[in-house]
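A.B. asks: Protein chains in written order, with the numbering used here: chain A, 441 to 809; chain B, 28 to 528; chain C, 19 to 321.
Since the hints were derived computationally from the structure, they do not count as laboratory data.
The beta carbon of each residue, even a glycine, is placed where N, CA and C say it ideally should be.
Hints may contain errors.
Derived CB-CB ranges, DEER-like [what the hints assert, rightly or not]:
(1) Thr421(B) - Arg634(A): 52 to 58 Å
(2) Gly416(B) - Lys581(A): 34 to 40 Å
(3) Lys256(C) - Gly416(B): 48 to 54 Å
(4) Leu577(A) - Glu97(B): 47 to 53 Å
(5) Ala495(A) - Gly76(C): 42 to 48 Å
(6) Lys581(A) - Glu507(B): 47 to 53 Å
(7) Ala300(C) - Lys208(B): 36 to 42 Å
(8) Lys256(C) - Pro553(A): 53 to 59 Å
(9) Lys256(C) - Asp407(B): 37 to 43 Å
(10) Leu739(A) - Gly76(C): 46 to 52 Å
With a cut-off of at most 27 Å between alpha-carbon atoms, the simulated BS3-like pairs for lysine-lysine come out as follows [as the list claims (entries may be wrong)]:
(11) Lys256(C) - Lys581(A)
(12) Lys683(A) - Lys316(C)
(13) Lys343(B) - Lys683(A)
(14) Lys316(C) - Lys581(A)
(15) Lys581(A) - Lys683(A)
Stretches of chain B that chain C covers, calculated by requiring three or more beta carbons in the stretch to come under 8 Å of a beta carbon on chain C [said to hold, decoys possible]:
(16) 94-106
(17) 116-127
(18) 131-145
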Amino acid sequence: MRRIRIERAPAPLGLRLAIPLLAVGVTFALTAVLIVLAGARPLEGYYYFLIAPLASRVSALEVLVKSTPLLLTGAAVTVAFAAGYWNIGAEGQLYAGAIAGAWLGVVLHDWPPALAIPMMLLGGFAAGVLWALPPALLKVKLAVDEVVTTLLLNSVVLFLVSFLLNGPWRDPISGWPQSPEISSSAAFPKLIPRSRLHLGFLVAVVVIGVLWYAMSRTGVGLKLRATGLGFRASRFIGVDVNKTLLGAALVSGGIAGLAGVGEVAGIHFHLIDALSPGYGYTGIIAATLGGLNALGVGLAAVFIGLIETGSQNVSRALGVPAYLGDVVQATLLLVTLAAFILQNYRIRFSSDRSRDNPSSGELVEGEIP
Amino acid sequence: MLAVQLTGITKHFGDLVANDHIDFDVAPGEIHALLGENGAGKTTLMRILYGLYGADAGAVKVKGSPVQIESPRDAIQSGIGMVTQHFTLVSNLTVTENIILGHQTGPLIDLERAQQQVSEASQRYGLHVAPEAIVGHLSVGEQQRVEILKALFRQARILILDEPTAVLVPHEVEALFATLKRLREEGLAIIFISHKLNEVMAICDRITVLRTGRVVGTVQRSDTTQPELAKMMVGRETLGVRSSPASNVGSVLLELDDISARNEQNLLALKRVSLQIRAGEILGLAGVSGNGQSELAEVLFGTLAPSGGFVRIAGKDLTGAPPWVISRAGLGRIPEDRQSGLVGDLSVAENLALERLEDFVRAGRLDVGAMHRHAAELIDEFQIKAAPGDAVRTLSGGNMQKVILARSLSQAPSVVVASQPTRGLDVGATEYVRRRLIEQRDRGAAVLLVSEDLDEITALSDRIAVIYEGQIVATLLSGEATPEQLGLMMTGAWRAADAQD
Amino acid sequence: MEAFVVSLFAATFRVASPLLLGTLGELFAERAGILNLGIEGTMFFGAFVGFAVGSASGSLWLGVLAAVISGVLSGFLMGLLAVTLGVNQHVSGLGITLFLTGLSLFSYRLIFGEPKVPPSIQPFGQFSPFEGVPILGQLTEQYVLTYIAFALVPIVWWIMRRTAYGLQLRAVGENPEAVDAAGVSVAGMRYSALMFGGGLMGAAGAFLSLAQLGSFTYGIIAGRGWVCIALIIFAHWKPIRVLWGALLFGGVFALQLRLQTTGAQLPYETFLALPYLVTILALALAGRAAAAPASLLKPYRRE
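Starting from the given sequences, assemble the full structure and let the hints guide the process.
C.D. replies: Here it is as structure tokens:
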């Protein structure tokens, strides 16, 4: 009887490196169907989608602008997931940071930029930490599952934003549900004049760099990875797993908060309720694509930024709905997840029974792709 | 006609030959023992018969006709039932629900009728359980009865029992044997896997001995003796590493004072346990699995906080201290389950360094070079077959245990707590671990050996304590009691005072 | 006052319906041992498919059927990822949510474009078997789908307790090894649970687009899928308790809608946020989710 078996066996190195490329290829093959349905030709579609955005300086900079929040949420998610803390709340923590940014941006109106901007960053980080605190404490003290609590708080913060924007923070001049404009001294300076690329991008790159160093070269990073890869074993060995988990959760929240501040101080200059089209969730995609590795996440975030820019491009040029970008990202995630599994396992078509493998198939705790 | 006949069964796992051209058969109305040490290939053979593994070569015949068994379902259809040490019961369902699982007669369940059938079968075979009881609430012995009933419900005519007495207390063993005799009378063919000679001689009709995957011989029980079987099993006279008596016993280094603790089900697993272990001695804690030894070890490891009492290491009170404090206080820890003491996806070097990470960290920065050098030293000293950068999960069981030994023993601990340190290891690794423990004792450490293997306890210990139902029921010098007497103490059927008789 | 209470209760049943359907769907998945975070996307996709087919064919019931089928397919996809491949369930579930959400929006834009006035259709009507009877008549004036949703609670309970399938389902969530040893396919059980559950989630989405709204909007689900995830824990994975939880949430939501119009002092967002905060509190008080199916989140591999 023929059957498909999946057994654990690391794939050869060549295959491992080829896998991300393979994933990208498969994804584009699948999403080509959507381009066709929209009445365009796949290759033309992909040209406008992936190549054209890089073709002009303006457009390439826009890719970096779009990547900025993703670099940060991707880093945030990476820190948490690597420790085994399933922070699905980056979206909410982002908004918390944005709220702080919108408030500080107005309150600090007579501070010089050299003081105001660091304060904005600090405030955004702190707000993110604060928003991440309840689920983290519940997890560490009462073993409450963090997936649900962080998810729920995402919804709650949106209500908070709605309350603020329709109530006390409603712009008195225009009457629109947006907060008053932040002062120019608190706004993030442009990195390149006459573009939208702002300080937030620099902050994001620094964060990625620090994350890389911390995870691979510090004792704290090793403890964090150990906790994520084996909670019980790490605790036995002597790692303070609860402290590590809590720390990871809070740092994760803080970094996501930075993303929120960046969007307020660098792009919109007010708080609006459509500030984030799901950056917190997209951050999860970036973290996964990047294999929970800081440099990988950086690349993945920029790639997704390219997709986001490209999707608007292809919409303008060919009339393919811009949501193509969302579908491509999500498909890429799913295909990559499958691909990661396949790199650790081999599919065997066996009518023989040589598949059996005693005791070496132990699943490790906190296993991620 | 034979109930089941295996011929030429061969099975490889990579390079390891687990079964090497094995012939084995059982007749109806016979109890046939499959005897051998850990790792001899008994379980592998039976897993092949039950469809969990596929043989590389060989044939199986049931009632004279060849059969292809590719899954447990095929095995069940051929009338084969298996009861393993690891019960496949669903703890939130009732006895009846567990028994009918997968074998319902239709889409709907007639609970009353099913319960009645279970009741009848229970009476008929002498396997007493309440049909409506929730399995999670039953004792181990009762759960085993449910497992057997399950097999009988499936019309099993061939029953495989894999080390069935490993988790039973003696009076439960008697009840089991009575049941097996009843089943034998009913014409079932029973395969009894064991490594316990006395039991095999008590209940079985024929005995097949396996050693390193091959059949050494098949004999009638009436034609053989225990010593002869032992020789067939082990193939050598000596029983391995024995320790010479302790010479230099010093002060008390590890003290448990009135320790009580609750387990995961919130039941009291330790009831006011007191023990003292001195420098330069090995105290063996003997007991049947599940009597509180695991919890005692966890209290000492720092992963379970006691609900009462004190733990003192070299006089210092460390009750309820977390693992990193305890290890720095000089306690070398060898956990019961290797997997829970090692992070499989990290490297050997990382696992070795994690316990004392501060030795390798300067100003936050991790000194990877120093970590690897440290690992290389330990690999050499402890003969670990691995490179510092290898992921621990790729190591064999024996090498994993050596990593754990290296990590805990290289700190020159004043106290060593070893919980089931040779479980699941092959002969070579077992001997290595035992030698190391004796070495630690000779070095002046206080060693607590927790083991379910009574032979190991008697071979290595200077003093023996027996734990039963969370209490220490006896503490004596090694040699003060015979293994049989210890066995009785382990089942609570003995009071030290009775020894005077 | 009386009228207020009666209309509140009537609204509660209505608001609770998609929560009930979605949660029962998730219940199947989780009792089998899979955390299906694809629920939000599945409901969204179901809402879209229901609306699209409903408006294209002119038959609302056809729309519901299509929505259910779309949910079944979503469940199948989750099975492929979580069961056959054993991918991390949190990420694959979220991936499915993102995928189906994007797909729905893309397809909606493709089919309906971006008109000034979003297309709408005549939604399901409400009816009552006690037409004209005071109070009772008003209370029971509901959509057929609401009746179906509530009827499903005892049905699901009965399936779990009294059928062979339900027994196997409860077993596979607790100890998949035992199920495998009994000769029942663990993968088969999990796939079927995901697909059946997915169908219910699709129906939940269809309820919102075909009964409640009569159109499809970006915010049509607005996190209800996540509420269902919370509700399961709240209900200790038991079908009857799911009913109470859904009614509680539905009640609070209906209440805050009414309080908005009466001009109460508290901002309406407080009431919207209340169920979520209450759930978090309930989770904190419940402490260890001891009632969770033991094999939840662990892929099964035969050793």
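A.B. asks: Now look at each hint and say whether the structure bears it out.
C.D. replies: Hints and how they fare:
no.: 1; hint: Thr421(B) - Arg634(A): 52 to 58 Å; result: 55 Å, holds
no.: 2; hint: Gly416(B) - Lys581(A): 34 to 40 Å; result: 37 Å, holds
no.: 3; hint: Lys256(C) - Gly416(B): 48 to 54 Å; result: 49 Å, holds
no.: 4; hint: Leu577(A) - Glu97(B): 47 to 53 Å; result: 51 Å, holds
no.: 5; hint: Ala495(A) - Gly76(C): 42 to 48 Å; result: 47 Å, holds
no.: 6; hint: Lys581(A) - Glu507(B): 47 to 53 Å; result: 48 Å, holds
no.: 7; hint: Ala300(C) - Lys208(B): 36 to 42 Å; result: 55 Å, violated
no.: 8; hint: Lys256(C) - Pro553(A): 53 to 59 Å; result: 58 Å, holds
no.: 9; hint: Lys256(C) - Asp407(B): 37 to 43 Å; result: 58 Å, violated
no.: 10; hint: Leu739(A) - Gly76(C): 46 to 52 Å; result: 49 Å, holds
no.: 11; hint: Lys256(C) - Lys581(A); result: 26 Å, holds
no.: 12; hint: Lys683(A) - Lys316(C); result: 25 Å, holds
no.: 13; hint: Lys343(B) - Lys683(A); result: 25 Å, holds
no.: 14; hint: Lys316(C) - Lys581(A); result: 23 Å, holds
no.: 15; hint: Lys581(A) - Lys683(A); result: 11 Å, holds
no.: 16; hint: 94-106; result: holds (count 4)
no.: 17; hint: 116-127; result: holds (count 8)
no.: 18; hint: 131-145; result: holds (count 6)
Against the hints set out earlier in the document, violations occur for numbers 7, 9.
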